[in-house]
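> If you want the building blocks of each chain, they are given just below.
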Amino acid sequence: MLNNIDKEILNRVADMTHIPEGAYNIRKNGAGIMRNTTPNIDIRTKEDKPGIDIIVKPFTKGETVHIPVLLTNQGLEDLVYNTFEIGEGSDVLVVAGCGIHNPGEETSQHDGIHTFFVRKNARMKYVEKHYASGSGKGKKILNPKTIIEIEEGGYAEIETVQIKGVDYSKRDTEVRVGKNAHLLITERLMTDGDQYAESIVIVDLVGVDSSVQIISRSVAKDHSEQIFYPRVNGHERCKGHVQCDAIIMNNARVRAIPEIAAYNADAELVHEAAIGKIAGEALIKLMTLGLSQEESEEAILKGFLR
Amino acid sequence: MLELRNISFTVQTEESEPFDVLSNINLKLEDNLSYVFTGPNGGGKSSLAKIIMGIYQPTSGSIFLEGEDITNLNITERAKRGIGYAFQQPPRFKGITVSELLSISSGSSYSMKECSNLYKVGLCPQDYLKREMNSSLSGGEMKRIEIATLLARKLKFAIFDEPEAGIDLWSFGKLTETFENIKEKHDTTLVIISHQERILNLADEIILIADGKIQRTGPKSELLPSLLNNPDCSCNYNCQERSENHA
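One line per chain: the protein sequences are A and B, in this order.
Start counting the first sequence at 1; every next residue gets the next number (my numbering).
Start counting the second sequence at 1; every next residue gets the next number (my numbering).
Keep in mind the hints are simulated off the structure, nothing from the lab.
Only a predicted model underlies this, so the values are computations on that prediction, with no experimental measurement involved.
Glycine included, C-beta positions come from ideal geometry on N, C-alpha and C.
Fair warning: there could be bad hints in the mix.
Have a look at the derived ranges for each label pair, beta carbon to beta carbon [what the hints assert, rightly or not]: (1) Glu159/A - Phe19/B: 28 to 36 angstroms; (2) Glu295/A - Ser135/B: 19 to 27 angstroms; (3) Lys213/B - Gly276/A: 17 to 25 angstroms; (4) Asp15/A - Asp31/B: 46 to 54 angstroms; (5) Glu159/A - Asp168/B: 51 to 59 angstroms; (6) Lys213/B - Glu159/A: 19 to 27 angstroms; (7) Ala279/A - Phe64/B: 26 to 34 angstroms; (8) Asn36/A - Lys154/B: 51 to 59 angstroms; (9) Asn4/A - Gly67/B: 32 to 40 angstroms.
Facing chain A, from chain B, some residues (calculated, C-beta under 7 angstroms) [what the hints assert, rightly or not]: (10) Tyr56; (11) Ile70; (12) Asn72; (13) Lys94; (14) Ile96; (15) Leu137; (16) Ala210; (17) Ile214.
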């Protein structure tokens with residue numbers, strides 16, 4: 001059922017070299033093709049719109065859910081709504097990710113709208129990787145929207161990676177963080193050619209002693225363009241830290257607009273943003289160790305985007 | 001052997017007149033010997049080191065390594081021929097770990113050698129190998145790792161730019177021991193830029209560089225006593241008069 005291109009994409013977007021243990025749902029060209037559920041994790045097809053409901057029973061520990069999406073037909077516009085119920089006191093890893101292989105001239109597009117409910121004292125790590133390949137002129141477009149509600153004492157870690165091949169992406173993330181709940185977002189992005197990537201993150205710290213840390217690292221090459229707009233609103237006694245760090249090369253353009261807003265005198269919010277070239281001294285140092293200029297650049301970018 | 005012939009280096013910015021950083025440097029640095037470049041700040045020591053590494057291109061003159069003209073070789077090509085340079089202010093790398101930097105340096109993946117190289121610069125290997133080379137490391141730690149990156153390589157010619165800066169006394173002893181070992185192990189020509197008496201003591205030969213020129217060269221026994229009792233730099237009457245005039 002899976003061909004070699006599928007397998008390559010699955011490896012890139014979901015670190016899947018084989019069919020994983022635990023729950024999974026593989027969606028290909030607009031339809032679910034493989035699914036597995038476990039006694040603790042159920043996956044159901046939505047009845048009112050395309051997409052699935054993933055239900056993790058309370059107190060489920062150490063299980064994983066893989067829900068990769070593959071687009072290998074050109075000209076396909078796929079829109080999907082997934083809802084995650086992460087039960088009270090559970091601790092799970094959710095690996096999503098979308099890979100497009102578009103060898104043709106027509107646009108391929110996947111817009112995933114993911115809604116998460118991280119219940120009381122639950123912990124979730126969510127990893128979402130984007131990858132696209134294909135030598136045709138057909139555009140490869142990914143527009144993910146992620147909405148998360150973290151209840152009291154919950155923890156969510158969101159790791160997003162888009163390193164290669166996606167021509168256009170507009171990422172929207174909205175999170176509400178409850179009492180004594182914590183959120184960590186790490187975003188890594190590399191664009192080249194004429195690619196465009198935009199990321200808007202809005203975090204509302206609505207519970208007492210809630211916290212968020214947003215770490216964004218990006219590299220913009222060639223004529224590509226990136227826009228970051230992380231925004232943290234502190235409504236209660238809370239802590240927030242936003243850090244945007246971009247390396248700019250060639251004729252690329254990067255805009256970083258971090259915003260922090262406090263609506264409570266006990267909100268402690270910090271933002272940092274930096275855009276710059278690869279430090280000349282760092283390049284020279286690696287060259288003095290015997291790497292060529294290109295190899296040095298590669299090593300620096302690889303580390304930076306780790 | 002590394003030979004510098006008539007090396008001059010002039011810099012000019014749009015606003016300023018041309019400034020001769022180095023003029024007409026002629027120097028032969030023999031295999032298996034230790035040299036210390038010393039002299040006042042701004043005298044041209046680091047510039048000369050950077051010219052040897054290929055970081056700066058001289059305005060005129062040539063550089064020969066074992067008879068080969070390397071003047072037009074770039075940094076990487078010189079590194080591959082066995083020239084190494086430890087920066088005075090080592091750059092930081094986000095995301096690159098100490099272990100990875102040492103692997104790049106040695107040209108092979110992690111081994112026990114990296115461990116011992118860190119130990120030699122006074123760092124406990126298990127505490128450092130996985131650390132990122134970012135701003136979480138102090139200046140002194142960065143300096144020691146910088147030295148370890150050179151220890152990881154088999155060098156014909158190694159330059160250390162003020163290696164002792166930021167290094168505490170305990171590891172200072174270890175450091176001098178390490179320098180002595182490098183030379184013996186790989187027959188490396190060692191150049192250390194320093195003002196420290198203990199480092200000067202390591203030199204087979206001392207080269208005094210000031211105002212972009214080599215002022216004096218000679219064995220340690222000849223130069224060291226006069227450098228340590230430098231009559232040009234004591235608190236004499238002239239100094240007093242100068243400071244009074246400035247007051």
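> Which numbered conditions among the earlier hints are violated in the structure presented, ordered from lowest to highest?
1, 3, 5, 6, 9, 10, 11, 12, 15, 16, 17
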